[in-house]
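All chains, full assembly: derive it from the sequences and hints.
For reference, the chains in residue letters:
There are 2 protein chains.
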Amino acid sequence: MDHPKAVLFDAYGTLFDVYSVGLLAEQLFPGQGQALSVLWRDKQIEYTRLVTTSSEGAHYQPFWELTRASLRYACKRLGLALTAEHEQHLMNEYRHLSAFPENREVLQVLRTRGIPTGILSNGDPQMLGVAVRSAGLEGLLDHVISVDTVRKYKTHPEAYRLGVQALKRPASQILFVSCNAWDALGATWFGYRTLWVNRYRLPFEELGTQPTRTGSTLDDVLSFFE
Amino acid sequence: MDHPKAVLFDAYGTLFDVYSVGLLAEQLFPGQGQALSVLWRDKQIEYTRLVTTSSEGAHYQPFWELTRASLRYACKRLGLALTAEHEQHLMNEYRHLSAFPENREVLQVLRTRGIPTGILSNGDPQMLGVAVRSAGLEGLLDHVISVDTVRKYKTHPEAYRLGVQALKRPASQILFVSCNAWDALGATWFGYRTLWVNRYRLPFEELGTQPTRTGSTLDDVLSFFE
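Those sequence lines, one after another, are chains A and B. Going by the UniProt record's numbering, the first sequence opens with residue 1, and the numbers climb by one from there. Going by the UniProt record's numbering, the second sequence opens with residue 1, and the numbers climb by one from there.
Bear in mind the hints are in silico, worked out from the structure with no lab data behind them. Incorrect hints may appear among the rest.
Distance windows between CB atoms, simulated [unchecked claim]:
no., chain 1, residue 1, chain 2, residue 2, range
1, A, P30, B, V109, 42 to 52 angstroms
2, B, E87, A, T214, 17 to 27 angstroms
3, A, P30, B, E105, 38 to 48 angstroms
4, A, G57, B, N92, 40 to 50 angstroms
5, A, G136, B, L80, 33 to 43 angstroms
6, B, L80, A, Q210, 18 to 28 angstroms
The C-beta atom is built at its ideal place from N, Cα and C for all residues, glycine as well.
Quick look at the structure:
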């Protein structure tokens, strides 16, 4: 099979480590940092689906707002008193998530080889701009695409279609990379070639569809170009 | 405000106790029964959303199949060896979930008052038929409505619309009852009057919309008719 002609990356969980907020969470709520960061993330994803499924955009809220709403929910659920100061602190941390260490080099190799790259993310444009800059990835990505344009979150086909439109190529020529199994599944359903980066050694979704390949770090992107 | 003219109930989690499989799960996998029943349920709901969001029905699988898929995922995730025999045993248990104890009486009171009632559920028709019979609720419900007709799960508006169509009344005249916060939210967004039965003392969703009322058991349905 031909090499992919372009590569799209998911952002949250794939380029940026959403669990890197756990350290601050642990400082603010000793003994609950991990539970909070996991529930916060799960609820954030759940909220993207609730607002997307429930209407054709009428209940859409930007990712930043859903991130705040899910933080509030997670704290209530865990019985943690979230002061306005805590909230601001945690949200600010979420704005500046750590990048996974191998990202830069993989993006640089792709750049050297002349492969167009982009982010296709649930994040809203402002969040993505700050995250890309603060992770030092500026200048290494040709496209930063937010689903905010269509007001529908992945795995909605309209969200995935934005990548095809930006890269002006059919999905079958584009490699879509995600560490989120549900995202790799949705992208595969949409028609992308897919790499599921299984960072946490989880099972893949049991819905009868497999990603094109499975890897363990972002380095495995390069195996598509060998 | 006028009394509601009809009452629709969610099935799984509301009339039927989805965690009643935990006892068998604990026998099969000692020490893991609760974790399995919680993850199984969470994943089942997640799968309804993934297949609904990802397409206009193209990736739909009936609830029975999603229930099986989510059981398989949950066992893999927890590192439990699910034999074919275990799977059959657990799925059979899911087919015959316990009903919450107060259900029969509430349905009987509504019947006495001449209020039309129905189930509006993600379950497929066969599952619902067996569950209603095995819970002894046959003859107490005027409508048993499955989203299978539209191949989209709640919280998709087409799924909620089935209730309006069956009862031939506007949503604002119908009380929708669910123990699932996301379902009470979706139904409220759609336009139903809603009762969230908060059996597990959880926070409500933080998405800016509240159910019409919140209760703690199904008995609270009757407060709408006082």
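So, going through the hints one by one against the coordinates:
no.	hint	in the structure
1	P30/A - V109/B: 42 to 52 angstroms	holds, 49 angstroms
2	E87/B - T214/A: 17 to 27 angstroms	holds, 24 angstroms
3	P30/A - E105/B: 38 to 48 angstroms	holds, 46 angstroms
4	G57/A - N92/B: 40 to 50 angstroms	holds, 41 angstroms
5	G136/A - L80/B: 33 to 43 angstroms	holds, 42 angstroms
6	L80/B - Q210/A: 18 to 28 angstroms	holds, 22 angstroms
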